[in-house]
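Our numbering numbers the first residue of the sequence shown as 1 and each following residue consecutively.
Bear in mind the hints are in silico, worked out from the structure with no lab data behind them. Heads up, a few of these hints could be off.
[Unchecked claim] For lysine-lysine, the following DSSO-like pairs were computed, each having C-alpha atoms within a straight-line distance of at most 27 Å:
no.: 1; residue 1: K50; residue 2: K114
no.: 2; residue 1: K56; residue 2: K80
no.: 3; residue 1: K84; residue 2: K136
no.: 4; residue 1: K6; residue 2: K137
no.: 5; residue 1: K137; residue 2: K168
no.: 6; residue 1: K50; residue 2: K100
no.: 7; residue 1: K100; residue 2: K168
no.: 8; residue 1: K220; residue 2: K264
no.: 9; residue 1: K50; residue 2: K80
no.: 10; residue 1: K84; residue 2: K128
no.: 11; residue 1: K100; residue 2: K114
no.: 12; residue 1: K168; residue 2: K84
no.: 13; residue 1: K220; residue 2: K100
no.: 14; residue 1: K128; residue 2: K114
no.: 15; residue 1: K220; residue 2: K168
no.: 16; residue 1: K80; residue 2: K128
no.: 17; residue 1: K114; residue 2: K168
no.: 18; residue 1: K168; residue 2: K136
no.: 19; residue 1: K136; residue 2: K6
no.: 20; residue 1: K80; residue 2: K137
no.: 21; residue 1: K80; residue 2: K136
no.: 22; residue 1: K168; residue 2: K128
no.: 23; residue 1: K50; residue 2: K84
no.: 24; residue 1: K80; residue 2: K114
no.: 25; residue 1: K56; residue 2: K84
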Amino acid sequence: MDMLSKFSLEGKVALVTGASYGIGFAIASAYAAAGATIVFNDINQELVDKGLASYKEIGVDAHGYVCDVTDEAAVASFIKTVEKEVGVIDILVNNAGIIKRIPMCEMSAEDFRKVIDIDLNGPFIVSKAVIPSMIKKGGGKIINICSMMSELGRETVSAYAAAKGGLKMLTRNIASEYGEYNIQCNGIGPGYIATPQTAPLRERQADGSRHPFDSFIIAKTPAARWGETSDLMGPAVFLASEASDFVNGHILYVDGGILAYIGKQPQ
1 MDMLSKFSLE GKVALVTGAS YGIGFAIASA YAAAGATIVF NDINQELVDK
51 GLASYKEIGV DAHGYVCDVT DEAAVASFIK TVEKEVGVID ILVNNAGIIK
101 RIPMCEMSAE DFRKVIDIDL NGPFIVSKAV IPSMIKKGGG KIINICSMMS
151 ELGRETVSAY AAAKGGLKML TRNIASEYGE YNIQCNGIGP GYIATPQTAP
201 LRERQADGSR HPFDSFIIAK TPAARWGETS DLMGPAVFLA SEASDFVNGH
251 ILYVDGGILA YIGKQPQ
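The whole structure should be built from the sequences, with the hints applied where relevant.
Printed below as a string of structure tokens:
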């Protein structure tokens with residue numbers, strides 16, 4: 001048996017939501033390198049065009065669409081269009097998400113609901129739209145982008161932690177409910193990843209010292225570094241491939257060891 005062939009995604013159609021840039025773009029790029037046809041969406045045409053240009057730069061002929069993952073009717077129409085124009089979705093990565101860093105007692109219920117709507121309701125809506133065709137085709141892979149906040153709490157992220165904790169359990173329930181149809185639903189929980197969004201937290205201070213949050217993350221991570229989006233590529237391909245056919249309802253934390261570590265003793 002050729003073990004490497006079990007990681008091939010040749011002939012597969014992969015939808016990665018919100019994949020114009022960042023983690024979603026990295027995962028979709030890895031899928032393309034493994035042979036998959038890439039479909040992605042974003043909230044507006046400007047972001048879709050930006051994503052299409054980025055994929056073209058790396059030689060990937062991606063299919064981009066405008067779709068709000070919180071709009072059930074729009075998602076249903078989007079999935080039907082993809083099935084007609086590209087093919088039935090074999091791999092779904094629920095990546096689209098937001099975070100609002102606001103102390104809980106200062107956060108409005110409206111802001112809380114918005115985070116829950118995108119980060120938890122969105123994956124529910126998109127998953128239920130692709131599952132019927134996966135069943136008809138004989139199987140599929142659903143990968144939810146969870147978080148260390150699926151396990152931990154921290155100041156200012158009450159809505160995000162609630163959504164990602166819920167997404168962990170949605171992952172397990174999809175696995176429980178649809179595993180008999182050869183559908184595997186797993187999650188990836190990234191640690192702190194170096195992206196343009198986190199760049200300000202990693203900038204050196206005027207005196208040359210690390211940003212306080214940067215120092216905190218380095219001290220809490222056994223790997224002693226921030227993750228790169230490339231660190232997520234291998235785990236994402238594994239969970240999308242035949243190699244993970246008996247892995248279901250699992251959250252794979254790609255965090256450099258943070259969740260396993262109690263931290264250094266104060267000097």
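Problem - Violated hints, by number in ascending order, as checked against the structure - result: 12
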